[in-house]
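For the record, the sequence lines run as chains F and H.
Counting along the first sequence from 1, when you hit position 11 you're at 11 in the numbering used here, and nothing is skipped either side.
Counting along the second sequence from 1, when you hit position 114 you're at 114 in the numbering used here, and nothing is skipped either side.
Source of the hints: derived by calculation from the structure; they are not laboratory data.
Where hints are given, some of them may not hold.
[What the hints assert, rightly or not] In silico EDC-like pairs for lysine to aspartate or glutamate, Cα to Cα no more than 20 Å straight-line:
#	chain 1	residue 1	chain 2	residue 2
1	F	45	F	78
2	F	95	F	21
3	H	80	H	20
4	F	90	H	47
5	F	45	F	75
6	F	45	H	95
7	F	90	H	63
8	F	45	H	98
9	F	76	H	47
10	F	76	H	52
11	H	80	H	96
12	F	95	H	87
13	H	2	H	63
Residues per chain are reported as follows:
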Amino acid sequence: MFEEMTSSDTSTLTKDVTALDVPWNVIVFDDPVNLMGYVTHVLMKVFGYTEGRAATLMMEVHDLGRSVVWTGEREKAEFYAQQLQAYQLKSTIEKTE
Amino acid sequence: MKVMPTLEGGLRIDAEGAGDWALLDALAGDAGQSDLARRLGELVTEDEVAEDWREFVVPDLADAFSKDVELVAKRITAAKAGCGGEEGPLWITRDDGDAWYSTLNQARLELEEHYRFGPSEMIDPAEFAPEKRLAFMRSQFYCAIQSLLLDHVIG
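Modelling step: build the complete structure from the supplied sequences, incorporating the hints.
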């Protein structure tokens with residue numbers, strides 16, 4: 001947004017910039033070790049998802065090799081990914097494009 | 001060896017002799033070699049966070065994983081000493097459930113990392129060399145205990 005302010009001998013141009021933070025994805029990868037029931041359990045515990053929602057995401061991980069399990073602000077994404085790794089799930093965070 | 005849930009929300013493992021204790025003793029060794037925290041850290045590749053992740057998160061995770069293994073090793077050693085390495089019980093309390101699951105998982109992840117068993121539906125242990133076959137059997141045993149933990153203790 002631009003706003004022009006004038007006086008008798010000066011002219012000042014100000015610019016307000018509002019930039020939204022780019023959302024970050026929390027991603028879980030498939031692996032041949034973690035039990036499907038455990039992955040569901042962890043997603044329920046970390047994100048508070050219902051069993052149905054968590055099981056759907058777990059199946060997506062299993063079938064597609066990875067799933068975006070949460071999207072939002074960076075600090076929370078880091079916190080969630082750290083928790084997932086503490087539960088030994090292969091996980092990371094990525095900026096959305 | 002027999003494994004059963006307890007009324008207190010834990011598990012009881014009845015070791016039936018030296019062979020069972022040797023199998024249980026192997027757990028801490030398998031898990032203790034784990035470089036899991038570093039491998040998990042390598043999954044974080046975004047430039048803005050990767051360096052801090054390796055500097056701050058990875059050491060915390062490594063410390064937590066290592067404490068879980070230490071606790072489980074201590075429990076096994078104490079239980080084995082309690083029965084002189086013969087027939088006797090090993091109790092997994094509800095409070096210890098997460099540490100046990102973590103240790104079993106570290107052991108399985110490490111064995112998978114080392115031996116690359118692959119997806120379970122593709123595995124034919126008869127085709128494995130003896131060392132790999134033994135490792136696979138340990139992994140299957142750990143997995144069975146994990147399933148019981150998930151069903152009766154931490155789930």
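Within 20 Å, alpha carbon to alpha carbon, are residue 80 (chain H) and residue 20 (chain H)?
holds (10 Å)
Satisfaction of hint between residue 52 (chain H) and residue 76 (chain F), Cα-Cα up to 20 Å:
holds (15 Å)
For residue 80 (chain H) and residue 96 (chain H), compute the direct alpha-carbon distance and say whether it is at most 20 Å.
holds (17 Å)
Check the hint pairing residue 45 (chain F) with residue 95 (chain H) against an upper bound of 20 Å on the C-alpha distance.
holds (17 Å)
If you draw a straight line from the CA of residue 76 (chain F) to the CA of residue 47 (chain H), is it 20 Å or shorter?
Holds, at about 17 Å.
Hinted pair residue 95 (chain F) and residue 21 (chain F), Cα distance within 20 Å:
OK: residue 95 (chain F) and residue 21 (chain F) at ~10 Å, within 20 Å.
Could you grab the alpha-carbon distance between residue 2 (chain H) and residue 63 (chain H) and see if it respects the 20 Å cut-off?
Status violated; Cα separation ~32 Å.
Could you grab the alpha-carbon distance between residue 45 (chain F) and residue 98 (chain H) and see if it respects the 20 Å cut-off?
Roughly 13 Å separates the two Cα atoms, so the pair holds.
Check whether the Cα positions of residue 90 (chain F) and residue 63 (chain H) lie no farther apart than 20 Å.
holds (18 Å)
Just to be careful, I want the Cα atoms of residue 45 (chain F) and residue 75 (chain F) compared with a cutoff of 20 Å; is the pair within it?
holds (19 Å)
Given the hinted pair residue 90 (chain F) and residue 47 (chain H), is their alpha-carbon gap at most 20 Å?
holds (18 Å)
Can you confirm whether the C-alpha distance between residue 95 (chain F) and residue 87 (chain H) stays at or below 20 Å?
Distance of about 55 Å is beyond 20 Å: violated.
Checked against the numbered hints given earlier, the structure breaks hints 12 and 13 and satisfies all the rest.
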